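> Here's the letter readout for the chains.
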Amino acid sequence: KAGVTQTPRYLIKTRGQQVTLSCSPISGHRSVSWYQQTPGQGLQFLFEYFSETQRNKGNFPGRFSGRQFSNSRSEMNVSTLELGDSALYLCASSLLTSGEADTQYFGPGTRLTVL
Amino acid sequence: ILNVEQSPQSLHVQEGDSTNFTCSFPSSNFYALHWYRWETAKSPEALFVMTLNGDEKKKGRISATLNTKEGYSYLYIKGSQPEDSATYLCAPGAGAQKLVFGQGTRLTINP
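Protein chains in written order, with the working numbering: chain A, 29 to 143; chain B, 66 to 176.
Treat the hints as calculated values from the structure; they're not laboratory data. As the structure is a computational prediction, the values presented were derived from the model and not from experiment. There may be inaccurate statements among the hints.
Said to hold, decoys possible - Quick list of in silico lysine-lysine cross-link-like pairs, DSS-like style, CA-CA up to 27 Å:
(1) K134/B x K123/B
(2) K143/B x K122/B
(3) K107/B x K123/B
(4) K143/B x K107/B
(5) K29/A x K124/B
(6) K29/A x K122/B
(7) K143/B x K123/B
(8) K143/B x K124/B
(9) K29/A x K123/B
(10) K122/B x K107/B
(11) K107/B x K85/A
(12) K107/B x K124/B
(13) K41/A x K85/A
(14) K41/A x K107/B
(15) K29/A x K107/B
(16) K134/B x K122/B
(17) K134/B x K124/B
Generate coordinates for the entire structure from the input sequences, incorporating the hints supplied.
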């Protein structure tokens with residue numbers, strides 16, 4: 029079974045631009061979560077989608093948004109990019125059979141650099 | 066706010082030695098405790114998901130225990146090998162698939 033895939037793997041943008049990242053979950057997984065990893069803050073939860081609905085959101089500004097499609101693929105968008113948005117963005121998918129005990133499987137991440 | 070602490074921050078161990086590290090979290094906001102191994106340039110790899118007080122999980126030379134009443138988990142590695150070099154992350158679940166990660170323990174195995 030193919031793992032979680034993320035595109036693009038690397039991205040360079042300038043301040044003020046917007047960016048869209050894509051995540052394809054493992055086949056059959058309906059929950060997709062997004063995380064941001066920075067050296068100073070570690071891995072931080074952005075949001076989670078299940079059945080095209082955002083169920084949970086982390087403490088990030090409204091510039092960070094996401095959506096999920098009917099095939100469970102998810103996108104996240106960051107508008108008006110700031111230098112501090114430079115980070116590794118990871119998505120993770122889970123099957124959701126055991127609720128909170130479900131394993132989340134991570135993709136390789138998208139490395140975003142904002143200049 | 067769920068505050069997750071892992072100690073030590075980094076650890077250097079000789080090949081063949083055993084080691085362990087700690088994850089502390091507020092026991093009142095607990096759903097499940099996840100352990101991940103994250104090697105450089107790879108995706109975080111799930112090791113264990115633990116839910117019950119006193120739970121113990123094992124995968125090869127790696128094992129973990131959980132104390133939900135006092136809010137801590139230990140990860141043990143027996144007979145460390147160079148391929149065990151990685152950052153080990155713990156993450157309590159905080160509802161609806163939200164994992165709150167600690168800063169991790171960076172383990173380096175010296176041959």
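> Look at each hint and say if it fits the structure.
Do the hints match the structure? See the list:
1. K134/B x K123/B: holds, 21 Å
2. K143/B x K122/B: holds, 14 Å
3. K107/B x K123/B: holds, 22 Å
4. K143/B x K107/B: This hinted pair holds, its Cα atoms lying about 23 Å apart.
5. K29/A x K124/B: With Cα atoms ~21 Å apart, K29/A and K124/B stay inside 27 Å; holds.
6. K29/A x K122/B: holds, 25 Å
7. K143/B x K123/B: holds, 11 Å
8. K143/B x K124/B: holds, 11 Å
9. K29/A x K123/B: Holds, at about 24 Å.
10. K122/B x K107/B: Given pair K122/B, K107/B holds - Cα atoms ~23 Å apart, limit 27 Å.
11. K107/B x K85/A: holds, 25 Å
12. K107/B x K124/B: holds, 20 Å
13. K41/A x K85/A: Distance of about 25 Å is within 27 Å: holds.
14. K41/A x K107/B: Between K41/A and K107/B the Cα gap is close to 23 Å, so the pair holds against 27 Å.
15. K29/A x K107/B: Judged against 27 Å, a Cα distance of about 18 Å means the pair holds.
16. K134/B x K122/B: holds, 18 Å
17. K134/B x K124/B: Answer holds: K134/B to K124/B is near 24 Å, not above 27 Å.
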